[in-house]
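Enquirer: Let's have the full structure, built from the sequences with the hints guiding it.
What follows is the residue order along each chain.
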Amino acid sequence: MQRLLRRLYLVKCFRHHKLLFFVSLLFILAAFYGHKSSCEITPSLVIAMYSGSHQTEKDSLWLITVNDTVRLDLPHTIDEPRRMMIFSTLAAYHRGVLAGYKDPQENAIRLVVSKHPFLSPLSRGTYNTGADYARYLPWLLRYLQGAVDSKIKKIGLSLQYIHYDDRNLPVADSTHFLYEYRQAETP
Amino acid sequence: MNTDKLRLHKDEAARWVTGGGWTRPWSLDRDRAARWVFGALLVIFFYRYFTHSLVHQLQQPVLSQSDFDYTYWLYHFTRFPDVFVQHRTGAFLFDGVLLASTLYCWATRGGRRGIVVLSALCWSLYGLTYNSYSYHHNHAVIGIMVLPYVFLAKEESSFTLAWDGMRYFCLYIYVDAFFIKTFIGQNVAYFPAGVEFIKTNQSAFMLQHPGSALRAVYAFFLTHPRLSYAGFVSMVLLQGCMVVGFFTRKWDQFLFFIPLVFHCITYFFIDVFFFELLILNLTLLPAKKGPDAHPVSRPEQE
Chain A
1 MQRLLRRLYL VKCFRHHKLL FFVSLLFILA AFYGHKSSCE ITPSLVIAMY
51 SGSHQTEKDS LWLITVNDTV RLDLPHTIDE PRRMMIFSTL AAYHRGVLAG
101 YKDPQENAIR LVVSKHPFLS PLSRGTYNTG ADYARYLPWL LRYLQGAVDS
151 KIKKIGLSLQ YIHYDDRNLP VADSTHFLYE YRQAETP
Chain B
1 MNTDKLRLHK DEAARWVTGG GWTRPWSLDR DRAARWVFGA LLVIFFYRYF
51 THSLVHQLQQ PVLSQSDFDY TYWLYHFTRF PDVFVQHRTG AFLFDGVLLA
101 STLYCWATRG GRRGIVVLSA LCWSLYGLTY NSYSYHHNHA VIGIMVLPYV
151 FLAKEESSFT LAWDGMRYFC LYIYVDAFFI KTFIGQNVAY FPAGVEFIKT
201 NQSAFMLQHP GSALRAVYAF FLTHPRLSYA GFVSMVLLQG CMVVGFFTRK
251 WDQFLFFIPL VFHCITYFFI DVFFFELLIL NLTLLPAKKG PDAHPVSRPE
301 QE
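Quick note, the sequences are listed as chains A and B, same order.
Under the working numbering, the first residue of the first sequence is numbered 1, with each subsequent residue one higher.
Under the working numbering, the first residue of the second sequence is numbered 1, with each subsequent residue one higher.
One or more hints might be untrue.
[Unchecked claim] Listed next, the in silico DSS-like pairs over lysine-lysine satisfying Cα-Cα at most 27 Å (straight line): (1) A:153 - A:36; (2) A:102 - B:288; (3) B:154 - A:151; (4) A:115 - B:154.
[To be verified] Label pairs and their in silico Cβ distance ranges: (5) B:264 - A:173: 31 to 39 Å; (6) B:227 - A:121: 26 to 34 Å; (7) B:74 - A:78: 14 to 22 Å; (8) A:154 - B:152: 48 to 56 Å.
[Claimed, not checked] Chain B is nowhere near these chain A residues, computed Cβ spacing over 12 Å in every case: (9) 1; (10) 67; (11) 71; (12) 79; (13) 87; (14) 156; (15) 176; (16) 179; (17) 180; (18) 182.
The set of hints was computed from the structure by calculation and includes no laboratory data.
A virtual CB, placed ideally from N, CA and C, is assigned to each residue, including glycine.
Expert: Written as structure tokens, this is what we have:
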């Protein structure tokens, strides 16, 4: 039994490298706490990568029209970091706009901080403000100019609603034009 | 003669299964591990450059996501984003330090601990920055955020322990995904799961490229839910197989290929790019032993 215990990673760490032992222990405790509370704790637990079990019947997709003519198309998976910067932030912006230019997480974060005041100093910058949302569209245009094409001067953002038919294939329903931003003309 | 040949084949097979065949030519000592890890980080740096996601290319982003992950709370508390993300000069400086420190560590095989800690910190901060400002806490960058720290170990025994720890971390990521999908999310027991994963991730591609050959492939799997479900369950079981690594190293030679296969399949079907996480796969390679292995503890290079 003792021989078996000595072979355990944590026991080896405890015997030979105390710092590594405490780091490993902290990691394991964080992973347990994360699973128990369903809270992410990077790098011990990143829950955002796992989907639940529910059937999607309707969905929506973001369409970006560039300079009133071309539809932005980034089909390659290898382009994921750039796509994420564009489409993931766009979805977040829209959620914020729907909540009245307010971060949908703000109330929940404030509630947690009010219950645990020691977290108050850490909560700075953890949610977006109205000013952040107001600066989003100019940023998106700037990012597209840098990451896609410097000739982009105007962007139009639409939400395309889709549904899945009885064979699970996506079918486009309607498209709603939502936002537009044009670069200010310089004299 | 035939019996001798048969015995030779049997010996060879036994040597392979027990791990003996997994020692050449890619077994690692500390020097080679440092070269490969920092080399992989350089490749990732240039991949990130070409996909416009280095900090200076983010154009001073405005929306960030912290959620209830206290690591991100701490990240914002340090005011790092105020200086190195929200300022153009700061962002250029950060990317410059990230590249220079990684290049130096690659060239010196992690010989100077001060630069190793700088590089490791920069990669951790880069991962937090990208995940926070892309508004999605992505697993793919977790490997680059933690692996460089192992080269801070001074002595051979410490390095071996830290490297082993990263091996367990690599195994944990896949086993935990299996655990969550099987017992917490219970996706495995949900028959439409395979179709759901494909259709929600590929709908944009299918609608925007109706004439593509790939669309026909996805449509085939969407209209054959049993096949999609079988594929999904196979992937989850494949992740579960990584649990073997917690009990023995003998199967590392096979476990090494599981993440490779898994990420290729998810790249194709689920439209996610997880290849950066494969940096942790290096920890599944065997340790180099024998006279040609470089000593692990080296004096600091002056």
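Enquirer: It remains to establish, for every hint, whether it holds in the given structure.
Expert: Tested hints:
Proximity of residue 153 (chain A) to residue 36 (chain A) is assessed by CA-CA distance (about 48 Å); at most 27 Å being required, the pair is judged violated. Of the pairs offered as hints, the one joining residue 102 (chain A) and residue 288 (chain B) is violated, with about 55 Å between alpha carbons and a cut-off of 27 Å exceeded. Between residue 154 (chain B) and residue 151 (chain A), the direct Cα distance comes to roughly 52 Å. Violation of the 27 Å bound is thereby established for this hinted pair. Distance hint between residue 115 (chain A) and residue 154 (chain B) is unfulfilled; the C-alpha atoms sit about 43 Å from each other, more than 27 Å.
For residue 264 (chain B) and residue 173 (chain A), the hinted distance range of 31 to 39 Å is satisfied, since their beta carbons lie about 34 Å from each other. Roughly 53 Å separates the CB atoms of residue 227 (chain B) and residue 121 (chain A), a value that falls outside the hinted 26 to 34 Å. A hinted range of 14 to 22 Å is violated for the C-beta pair residue 74 (chain B) and residue 78 (chain A), which are about 32 Å apart. Taking 48 to 56 Å as the suggested C-beta distance range, the pair residue 154 (chain A) and residue 152 (chain B) conforms, at roughly 50 Å.
In this structure residue 1 (chain A) is separated from chain B by more than 12 Å, as the shortest Cβ-Cβ distance comes to about 16 Å. Against the 12 Å criterion, residue 67 (chain A) stays outside the reach of chain B, whose nearest CB is about 18 Å from its own CB. With a least beta-carbon separation of about 8 Å from chain B, residue 71 (chain A) fails to lie farther than 12 Å from that chain, contradicting its non-interface assignment. A beta-carbon of chain B is positioned within 12 Å of the beta-carbon of residue 79 (chain A); the least distance is around 6 Å.
A beta-carbon of chain B is positioned within 12 Å of the beta-carbon of residue 87 (chain A); the least distance is around 9 Å. Every C-beta of chain B lies more than 12 Å from that of residue 156 (chain A), the closest at about 16 Å, which supports listing it as non-interface. With a cut of 12 Å on Cβ distances, residue 176 (chain A) stays outside the contact zone with chain B, its closest approach being about 16 Å. Listed as outside the interface, residue 179 (chain A) is consistent with that label: its C-beta sits roughly 14 Å from the nearest C-beta of chain B, beyond the 12 Å cut-off.
Every Cβ of chain B is farther than 12 Å from the Cβ of residue 180 (chain A); the closest lies at roughly 18 Å, confirming the non-interface assignment. Residue placement check: residue 182 (chain A) keeps its beta carbon more than 12 Å from all beta carbons of chain B (closest about 17 Å).
Consistency note: the structure conflicts with the earlier hints numbered 1, 2, 3, 4, 6, 7, 11, 12 and 13.
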